[in-house]
Amino acid sequence: MIGIAVVLAVAIGAVAVSRVPRSGDAGSGLPQRFDYDLKTHKTIDPALILYRQAGELPLDLSASRAVAVGPEDRIYVAGDQKILVFDREGTRRSEIALESEPRCLAVGGAGNKEPGRIYVGMRDHVEVYGPDGTRQAVWERLGEKAVLTSIAVADSADEHDIFAADAGHRVVHRYDPSGKRLAEIGRRNREQKIRGFIIPSPYFDLAVTADGLLRVVNPGMHRIEAYTFDGHFEEPLVWGKASLEIEGFCGCCNPANMAAMPGGGYVTAEKGIPRVKIYGADGNFVGVVAGPDVLAPTATITEETREDHKLEVVDVAADSRGRILVLDPAARKVRIFVARNPQMETKS
Amino acid sequence: MASSSDKLDRRQFVGNGVRIAGAIGLGGFVGFLAGRRGSADDTVWQIDPNKCIACGNCATYCVLDESAAKCVHSYPMCGYCELCTGYFEPDPNDLNSGAENQLCPTGAIVRKFVEEPYHEYSIDEALCIGCAKCVKGCNAFGNGSLYMQVRHDRCLNCNECAIAVACPSQAFVRVPASNPYLLKHKGTGA
Chain A
0 MIGIAVVLAV AIGAVAVSRV PRSGDAGSGL PQRFDYDLKT HKTIDPALIL YRQAGELPLD
60 LSASRAVAVG PEDRIYVAGD QKILVFDREG TRRSEIALES EPRCLAVGGA GNKEPGRIYV
120 GMRDHVEVYG PDGTRQAVWE RLGEKAVLTS IAVADSADEH DIFAADAGHR VVHRYDPSGK
180 RLAEIGRRNR EQKIRGFIIP SPYFDLAVTA DGLLRVVNPG MHRIEAYTFD GHFEEPLVWG
240 KASLEIEGFC GCCNPANMAA MPGGGYVTAE KGIPRVKIYG ADGNFVGVVA GPDVLAPTAT
300 ITEETREDHK LEVVDVAADS RGRILVLDPA ARKVRIFVAR NPQMETKS
Chain B
0 MASSSDKLDR RQFVGNGVRI AGAIGLGGFV GFLAGRRGSA DDTVWQIDPN KCIACGNCAT
60 YCVLDESAAK CVHSYPMCGY CELCTGYFEP DPNDLNSGAE NQLCPTGAIV RKFVEEPYHE
120 YSIDEALCIG CAKCVKGCNA FGNGSLYMQV RHDRCLNCNE CAIAVACPSQ AFVRVPASNP
180 YLLKHKGTGA
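So the sequences go chain by chain: A and B. With the first letter of the first sequence counted as 1, position 342 gets the number 341 in numbering that gives the first Met the number 0; the numbers rise by one all the way through. With the first letter of the second sequence counted as 1, position 118 gets the number 117 in numbering that gives the first Met the number 0; the numbers rise by one all the way through.
Derived from the structure by calculation, the hints contain no laboratory data. For clarity, every value in this text was computed on a predicted model and none was experimentally measured. Don't be surprised by glycine CBs; every beta carbon is placed ideally from N, CA and C. Please note that the accuracy of each hint is not assured.
So these bits of chain B aren't anywhere near chain A, every CB distance computed over 10 Å [as the list claims (entries may be wrong)]: (1) Pro75; (2) Asn95; (3) Ala98; (4) Val113; (5) Arg153; (6) Asn156; (7) Asn158; (8) Ala165; (9) Asn178.
Straight-line Cα separation of at most 16 Å, EDC-like style, residue types lysine to aspartate or glutamate; simulated pairs [to be verified]: (10) A:Lys240 <-> B:Asp90; (11) A:Lys240 <-> B:Asp93; (12) B:Lys50 <-> A:Glu303; (13) A:Lys38 <-> B:Asp90; (14) B:Lys50 <-> A:Glu306; (15) B:Lys50 <-> A:Glu302; (16) A:Lys41 <-> B:Asp90; (17) B:Lys50 <-> A:Asp307; (18) A:Lys192 <-> B:Glu115; (19) A:Lys38 <-> B:Glu88.
Based on the provided sequences and hints, a complete structural model is requested.
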């Protein structure tokens with residue numbers, strides 16, 4: 000009798016345990032139309048993809064932050080506490096050790112008074128290195144609140160100033176080559192119709208374009224703004240719109256990164272849905288360099304909520320030949336893209 | 000002067016020693032067990048936001064009709080975006096509070112204008128069902144300031160939490176009742 004009771008109790012227990020949901024796949028219980036699904040927006044029409052990957056540079060960096068192009072199309076990558084320098088063919092030429100973690104960098108171009116001079120943005124200040132990697136200067140610290148996210152160098156015959164985007168203070172700092180801070184650009188000013196930079200997350204990029212203007216991403220406004228070096232806002236030249244459609248910039252705040260193309264035009268990189276795209280000099284959408292199928296290692300990573308599992312944001316640069324360099328921190332490599340149609344490289 | 004009969008022989012001495020040591024050991028063991036039980040009672044369930052994958056199970060597995068797990072908001076982390084991807088559908092018709100534009104199935108997020116172009120977002124917990132849809136939206140593009148927490152004014156602190164059993168990422172953990180929330184802070188990534 001006792002034996003039967005024990006067997007019965009064990010059987011009931013086993014059934015009870017087996018009925019406890021352990022897979023946890025019920026979800027919210029809401030109808031499917033309430034699912035948060037970006038699948039349709041992650042699919043890109045193949046006809047719009049105008050570039051193909053032609054090569055890649057593997058990086059021994061655990062946290063790569065920025066990519067830039069210098070004279071003779073040398074490729075500079077900042078990450079960990081160093082800068083890696085590659086020649087245009089992708090052969091690693093040198094490594095520059097830094098004392099702290101870099102966040103952004105720019106290199107004086109061939110037209111610069113000091114070609115090959117490297118400007119490295121740390122969290123709150125700029126450090127300057129010579130082409131041989133020796134540190135030449137450490138510029139003034141910008142305070143606790145400063146978060147430098149991008150640097151650009153003017154390379155025209157008579158302008159060699161340096162511009163640093165500060166996401167913490169939501170302004171662009173203008174420096175002369177000696178490191179003297181000359182001005183702030185982009186602070187909210189109703190009279191000049193400057194709405195100020197809206198920077199919800201620390202992605203705030205800028206570039207000096209061939210027309211001699213400073214182009215600054217206003218990520219919260221989903222647009223690229225134009226300023227003279229003196230800080231005058233060029234309102235008619237503003238472009239960009241918020242949209243999940245391929246022509247627009249997705250999410251709360253994009254593009255995360257941007258670079259100027261050699262013949263005019265822009266290459267942009269978005270976070271959230273990783274998309275690298277080309278726009279013409281007037282801001283018209285031209286095409287796609289790479290989308291989530293290349294830049295997202297898994298289909299669901301774009302919906303990831305865990306900080307240490309999230310997809311890192313890519314940085315972009317373009318060389319004089321129109322090749323697009325995409326720094327892919329997740330894959331620990333720089334992907335090199337070339338136009339499928341060679342005429343594209345000089346047209347955009 | 001003690002007589003020879005009062006003296007303990009070796010056998011008695013060892014026996015008494017063993018008995019005293021046993022009593023002390025037993026007392027210590029009972030005390031240890033009592034202490035362990037006390038600390039177990041002083042912990043509560045909580046969601047580790049660094050492990051939560053916003054699967055939505057919190058809405059359906061809680062033994063309460065209305066889940067004790069709710070979305071909460073870290074204001075220091077929030078970008079106060081005009082286009083909040085935790086509030087709006089991925090591709091909204093317009094940036095207003097029209098139901099067709101809202102991501103939340105129950106309209107539990109309140110959008111309040113602060114100054115051009117900033118907006119503040121707060122959770123109406125009475126409406127929140129814990130589906131975590133907004134958490135996904137906020138994390139996909141934004142700073143991840145919306146996240147899930149067990150609200151202890153509702154939680155029954157079940158011995159075996161049904162959500163914890165169903166949680167696919169083991170995000171449900173026991174935390175001290177004296178510090179019952181795992182809050183996200185700006186810059187920590189947590």
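Inset, instruction - Could you tell me which of the hints above the structure violates, numbers in ascending order? - result: 8
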